[in-house]
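Engineer: Next come the chains, spelled out residue by residue.
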Amino acid sequence: MDGPVSGSGPSAGPASDRRMEPARLGIILFIIAEIMFFSGLISSFVMFRFSPVPWPPPGQPRLPLEVTSANTLILLLSGLTFFLALKPLKASNSQLFKGLLTATAVLGFIFLAVQGAEWVRLLHFGLTVHASIFGGFFYCLVGIHAVHVTGGLIALLWVLNKAWKEKYSAQNTLGVELCRMYWFFVVGLWPILFFLVYLI
Amino acid sequence: MSQDAHEHKQSFISHYIFSTDHKMIGKQFLLLSTIMACLGGFMAYLIRWEVAFPNVPAPFFGLVSPDKFNAIITLHGTIMIFFVGMPFLSAFPSNFFIPLMIGARDMAFPKLNMASFWLTFAGAVLLVASFFVPGGPVAGGWVGYPPLSASSEFAGVKWGACLWLLALAMAFFSSSLGGLNYLVTAITLRAKGMTYSRIPMTVWFLLASAVTFFFSVGPLIAGDFMLIMDNMFGTGFFLPAKGGEPMLWEHLFWFFGHPEVYVLFFPALGMGLDIMATFTRKPIFGYKLILWSTVSAILLSFIVWAHHMFLSGLNPILATPFSITTILISIPFAIIIFCMLATLRHGSIRLEVPMLWMLGFLATFLVGGLTGIFLGSASVDIYLHGTYFVVAHFHYTLFPSVFFGGFSAVYYWFPKMYGRKLNEKLGLLHLALTFIFFNGTFWPLFRVGIGGMIRRIADPSFYPQYHQFANWNIFATICAISLIASQSVFLWNLVLSMNHGPKAGKNPYQSNTLEWLADSPPPHGNWGPVLPVVTSGPYEYSKPGESEDWHSQASNIKGETVHG
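Residue numbers (this note's numbering), protein chains in the order written: chain Y, 1 to 200; chain C, 1001 to 1564.
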């Protein structure tokens, strides 16, 4: 960041001196772009879902509702632990902060592992990308979300590593907050996809 | 970001290749787009040759057979829009001028900026590589409509299609990262005193362009991904035989495709407005009116896309609302153009080369804008759709934006970029030739299109009803070849003036905006030890009661001839 201006110019007018952190604005814009990307995917899916063709097509396996419901709760729980993690950091309670952050990462990993195991089972039952549009959309929507969770998890592990090295403090929370914004996006997106792909 | 403003000692690679300096990245985009423009221009020559002289081997190439013709029209479109238009009109000026014009030392995320350039470069390499894969390059038209683009069984092209889709994805990612960077930079790194109402139009319109791109490209990235899945992994999202829906691609494509036209038009407008203020010595007429018109144009641009699809099998009930929004969008643009004309009124107009290019842009773009109203009306479009009228209209919008607008910017800011002036006589010659031959190329195509000649036909001599247009087509082709050839004047001028042009100094036009306070060319970090502090708006020319007709935006840095 550029330091304060040293030149003593005349009155500089009502410049906003409290500007947003560039990285924070960057993440917000990135998430907006992601939302537009998923809007494209989701609206394509909805177009097929509500066409007169039977859905899921005959012969294709039903999706595992119970396991995925439980998995959804796990991911939401990880969002909750991350949500709660910031307060102890700001209160300089490093132990609780690191504990909650670790819990977030573990829950995120469990979510991915369960999703992966379910995919293997579904592939076994004949649900493949080229078997039907249904299969194609299932793997695209759920798979692209899984890629995003993986990306979030990598960022989380990076933050976690820095947290265990005590790089964050009550004053220095930006890295944690950026990671948290992205994680909230990934967690918040999943119930929408779950509702569209599994429930209706 | 560099705190220190003195020159760094850098190796060749970190200075010229993997540079994170916004000015070098801007120049890299300029160079890449110039190279790609030569390629795209050569393709334009092949297209026009085959249409005018069917089945006669083209000099320097050979026979343009129908399959090659299809590939060439496809790649001409893709290259010119994504690898010439976007880098030349959006990435190059955004990188070079946004930090300079808002008084920052660099972009908010310099490494992301570098990544953005190398993604475009990788995309260009993939696209060029598609010439050398089995089956040749993609040949389904630049709009990539499925099922032609979704399965090799129709077009006979597999690897070419995959490479094309990957190249597009690279270009989309690159421009998205770039847009994110421009927006964050302009919002967070403005110099002290650079309030929103003091931002020059160039920056505003580059941001408008970035926002428009940013919000429209997401769905097309999704579509691009699905088309890659169709091509490589056997899904059938867009293949009717597998239960897919080809129309879906058209929606995703045009939801992006129409705003993209404005993505390429906005920068030309913004730079044109700044050039106009400098060379009329007058404030812009209606600064805020122009900005709010732009906001409404951006909003409207997201709800006009189906006017490209009137004949696609779209529900005819939808044609009327989309006709209405399309015709509505000409209102904000008309307001902007009238503001520009009002800026000219009573100005002390200096007809220097950049200003003349800008006026050329206005004059030619107007024809493109007005013919767009015809095409936006569903009932007229049913007749004109797919004819050369559309080709002419499209080139009358994009060529003025990218080339007239882009060249006016290069002529205007060249002294800032290289510290030397471009040769004026060569600049005028370049403008005269470009203006005459551009109109000579595309004006006849309106006539040919209204006559009913369909585009994308390699050999018009095969169809007796098109024989009447043969002379028109030959005339257009001769003009097109002359148009392409006359760009060598520009390249020559560039090379000559870069090395031997007269030294320009800091502020050769006595212009107000911040970039003219920096050295020419600006050093690493742009500003020396002291950042500019902005104390006035960008367009305070010919202020009553002042001895000089200009007033720099910042008074704490002394330019060469800075006003007292």
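Some hints here could point you the wrong way.
27 angstroms max Cα-Cα, derived DSSO-like pairs, lysine-lysine [what the hints assert, rightly or not]:
| no. | chain 1 | residue 1 | chain 2 | residue 2 |
| --- | --- | --- | --- | --- |
| 1 | C | 1288 | C | 1242 |
| 2 | C | 1503 | C | 1558 |
| 3 | C | 1425 | C | 1111 |
| 4 | Y | 167 | C | 1111 |
| 5 | C | 1027 | C | 1543 |
| 6 | C | 1421 | C | 1288 |
| 7 | Y | 165 | C | 1111 |
| 8 | C | 1242 | C | 1111 |
| 9 | C | 1558 | Y | 162 |
Keep in mind the hints are simulated off the structure, nothing from the lab.
Engineer: Output the indices of the hints that this structure fails to meet, ascending.
Structural biologist: 1, 3, 5, 6, 8, 9
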